[in-house]
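Each chain, written out:
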Amino acid sequence: MLKIKNLHASVEGKKILKGVNLEVNAGEVHAIMGPNGSGKSTLASVIAGKEEFEVTQGSIEFEGEDLDETSPEERAHKGVFLSFQYPVEIPGVSVTNFMKTAINESRKAKGLEDMPAKEMLKLIREKSEMLDIDRKFLSRSLNEGFSGGEKKRNEIFQMAMLEPKLSILDETDSGLDIDALRIVANGVNKLRSADKATILITHYQRLLEYIIPDFVHVIHDGKIVKSGGKELALELEEKGYDWLKQEATV
Amino acid sequence: MDLKDKLISSFMAFENNVDVEHSVHDVRVAAMKNFEIKGFPSKKEENWKYTSLNSLQKTDFSIFPKQENTLEYKDVKKYFIHEIDSYKIVFVDGIYSSYLSETTHDGVDICLMSSALTKPMYKQVIDVYFNKIASKDESLTSLNTAFSREGAYIYIPKNKMPKKPVEILHFATGNEASLLLQPRNLIVVEENAELQVIERHQSLTSNEVLTNSVTEIFAAKSAIVDYYKIQNDNATASLIDNTYIDQKDKSLVKIHSFCFGGKLTRNNLNFYQNGEYIDSTMKGVTILGEKQHVDHHTLVHHKQPNCESHQDYKGIYGENSTGVFNGKIIVDKIAQKTDAFQQNNNILVSDKATINSKPQLEIFADDVKCSHGCTIGQLDNEALFYLQTRGIPEKEARALLMYAFANNVLASVRIPELKTRINKLIAKKLGVNLGFDL
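For the record, the sequence lines run as chains A and B. Here numbering that gives the first Met the number 0 is used: the first residue of the first sequence is 0, the next is one more, and so on. Here numbering that gives the first Met the number 0 is used: the first residue of the second sequence is 0, the next is one more, and so on.
Think of the hints as simulated: they come from the structure by calculation, not from any bench. Positions of the beta carbon are idealized from the N, C-alpha and C atoms, including for glycine. A portion of the hints provided could be inaccurate.
Over 12 angstroms on every C-beta distance to chain B, these chain A residues come out as not near it, computed from the model [stated by the list, open to error]:
| # | residue |
| --- | --- |
| 1 | 62 |
| 2 | 192 |
| 3 | 229 |
Between beta-carbon pairs, the in silico distance windows are [claimed, not checked]:
| # | chain 1 | residue 1 | chain 2 | residue 2 | range |
| --- | --- | --- | --- | --- | --- |
| 4 | A | 106 | B | 63 | 53 to 59 angstroms |
| 5 | B | 415 | A | 56 | 54 to 60 angstroms |
| 6 | A | 228 | B | 371 | 57 to 63 angstroms |
| 7 | A | 51 | B | 56 | 44 to 50 angstroms |
Calculated from the model, a selection of chain B residues having no Cβ within reach of chain A, i.e. all distances over 10 angstroms [said to hold, decoys possible]:
| # | residue |
| --- | --- |
| 8 | 1 |
| 9 | 24 |
| 10 | 60 |
| 11 | 113 |
| 12 | 114 |
| 13 | 122 |
| 14 | 132 |
| 15 | 176 |
| 16 | 307 |
Could you put the whole structure together from the sequences, leaning on the hints where they help?
Here it is as structure tokens:
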């Protein structure tokens with residue numbers, strides 16, 4: 000589904016990604032771990048198409064198509080979704096209206112008519128029930144005054160509504176207490192399927208107790224320095240990142 | 000002949016058509032004298048530093064329309080908030096249109112300034128209120144006072160509230176190549192009474208129009224006044240709005256200015272707090288493009304203790320548009336426990352757009368809370384990226400963010416149909432159809 004080859008990216012002349020290789024297939028869950036400043040959030044933003052990052056070398060292919068020169072919204076229409084570490088507040092626009100706009104813009108891009116209101120309501124009801132989201136929550140302004148947990152749950156709700164093929168969750172666990180984490184993880188697990196893939200970006204192993212990955216990669220200084228199964232996460236939890244940094248320098 | 004000379008000589012012709020024996024005429028004559036001395040304000044004056052009236056003074060404006068012009072309701076319906084029932088005071092080229100209006104004397108007076116200035120039954124109110132809060136010093140206000148004859152007259156007696164909001168509309172038909180309009184409004188809301196007003200000036204052609212309007216609002220003890228100004232005129236229409244508000248104990252006056260278009264718009268809002276526990280609120284949304292210019296000049300004079308004032312102005316400036324926000328707050332020594340809040344946030348969406356924002360605080364009391372803040376910035380790229388990753392194209396994403404930026408000013412609009420209309424105007428102004436009604 001996703002093929003990243005020798006990806007180099009920089010922002011304002013500063014090199015952040017220095018040759019990332021990664022392949023993600025349908026049905027898989029990959030975890031990308033690494034210390035602060037290693038480039039893991041940058042990787043997420045570059046896949047989603049953030050224009051501030053310049054891809055200087057290498058390529059990102061999504062379902063056989065090179066994503067170079069593709070805008071973030073076009074990537075979204077193709078089925079790429081990024082859950083933000085810090086979701087943006089939009090006062091005056093309700094969660095429901097925001098989702099209507101997002102879904103209908105995607106449909107418009109595919110040459111489809113707007114989703115009929117009845118169908119939209121049904122979809123909203125179905126997905127909000129699945130994620131235990133209160134109906135009142137949906138009429139509130141997007142992310143405005145939301146707690147950390149509410150924001151993250153709202154990100155997963157958006158993911159459920161948009162049904163992306165590839166979901167990238169950037170530090171979804173940060174700032175969540177254990178109950179909120181469990182709710183969010185449950186949501187992600189319910190949305191797992193054989194034709195979808197997920198990339199979890201995280202600093203801590205904690206999230207991976209709730210969402211079990213098929214593969215774990217460690218990123219350091221802009222490169223993936225080690226890959227393995229879910230047991231690699233436990234090893235990192237035990238030993239920290241320092242041994243990998245040393246291994247990488249050697 | 001320049002505009003000033005033309006106005007001075009027109010005053011003699013004007014005097015042939017009004018009752019020079021009426022006490023109001025002494026007020027007019029004194030005002031004319033002041034205008035003769037001061038003339039039009041120039042950019043050398045601090046208050047007019049960023050707004051030039053030079054090009055307007057070179058235009059050969061007609062001072063009095065030559066003929067009465069009529070309009071069909073269906074042609075101008077869209078400028079009314081026609082979704083609701085309202086009283087209407089409508090002027091076409093400065094002349095009252097009884098056909099388009101709906102006035103009343105049923106417990107309240109919602110009618111014409113020309114009646115109030117001539118009929119004996121209104122003389123008492125006129126003597127007490129006319130030109131009492133308007134500046135006798137400011138030259139454009141004096142110019143309006145000198146030619147004051149027509150406009151809206153609203154008198155709400157104690158404990159009354161009109162059954163519906165009042166719309167004041169001024170249409171310019173373009174039958175004159177260029178037309179000067181000088182409406183004069185007097186609004187008196189007595190103790191514990193309440194009023195809602197929606198005011199709009201609309202030019203219907205590309206012929207030049209300059210409106211120099213003066214509105215006096217008197218809010219007595221515990222009175223509530225909600226005033227909405229819709230300024231969405233075309234590129235050849237200019238408006239100088241001078242509004243003076245006198246507030247007594249516990250009164251609440253809110254003025255919303257929605258400024259979406261016009262060649263030059265100058266809003267002078269002057270609040271005088273002559274009592275305690277008063278609340279004065281000013282809110283504004285400005286969205287401009289092309290070469291449009293707006294200048295928001297506000298004044299709140301806190302003259303008594305325990306009062307509040309709130310100002311919240313949001314501006315979005317595109318293309319070559321220019322904006323000014325100048326917010327002056329005076330707190331007299333006696334006005335302890337004043338709570339004055341002022342905020343002006345701006346987004347520049349073009350490299351060529353300009354905004355000059357200036358808070359001006361003169362505080363002579365020592366136990367007060369005064370806060371002010373001003374920001375000028377661009378749209379947040381991270382927020383834009385967020386919306387794009389949800390599949391919303393850049394143009395729509397920008398519009399949504401601008402809407403969100405201006406939105407909190409709309410929260411205090413108390414007429415839902417008006418709020419819907421403003422939302423639609425904003426969406427149209429931002430050039431988007433977001434797939435739902437904002």
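Hints versus structure:
Interface exclusion of residue 62(A) from chain B stands, the closest Cβ pair being 16 angstroms apart, more than 12 angstroms. Separation of residue 192(A) from chain B is adequate, the least Cβ-Cβ distance of about 20 angstroms exceeding the 12 angstroms criterion. No Cβ of chain B approaches the Cβ of residue 229(A) within 12 angstroms, the least distance being about 28 angstroms, so the stated non-interface status holds. Distance hint check for residue 106(A) and residue 63(B): the Cβ-Cβ separation is about 58 angstroms, which falls inside the suggested range of 53 to 59 angstroms.
Judged by the Cβ atoms, the range 54 to 60 angstroms given for residue 415(B) and residue 56(A) holds: they are separated by roughly 56 angstroms. Look at residue 228(A) against residue 371(B): about 59 angstroms separates their beta carbons, and that is inside 57 to 63 angstroms. At roughly 48 angstroms, the beta-carbon separation of residue 51(A) and residue 56(B) lies within the given 44 to 50 angstroms, and the hint holds. Against chain A, the non-interface label of residue 1(B) holds: every CB pair exceeds 10 angstroms, the least being about 47 angstroms.
With a least beta-carbon separation of about 50 angstroms from chain A, residue 24(B) lies farther than 10 angstroms from that chain, consistent with its non-interface assignment. Distance check on residue 60(B): its Cβ is at least 41 angstroms (rounded) from any Cβ of chain A, clearing the 10 angstroms threshold; non-interface status holds. Residue 113(B), annotated as away from the interface, keeps every beta carbon of chain A farther than 10 angstroms; the closest lies near 42 angstroms. At roughly 43 angstroms from the closest C-beta of chain A, the C-beta of residue 114(B) stays outside 10 angstroms, upholding its exclusion from the interface.
The beta carbon of residue 122(B) is kept farther than 10 angstroms from every beta carbon of chain A, the shortest such distance being approximately 48 angstroms. Residue 132(B), annotated as away from the interface, keeps every beta carbon of chain A farther than 10 angstroms; the closest lies near 35 angstroms. Here residue 176(B) stays apart from chain A, with its beta-carbon at least about 43 angstroms from theirs, past the 10 angstroms limit. The claim that residue 307(B) lies off the interface holds: its Cβ sits roughly 23 angstroms from the closest Cβ of chain A, which is beyond the 10 angstroms cut-off.
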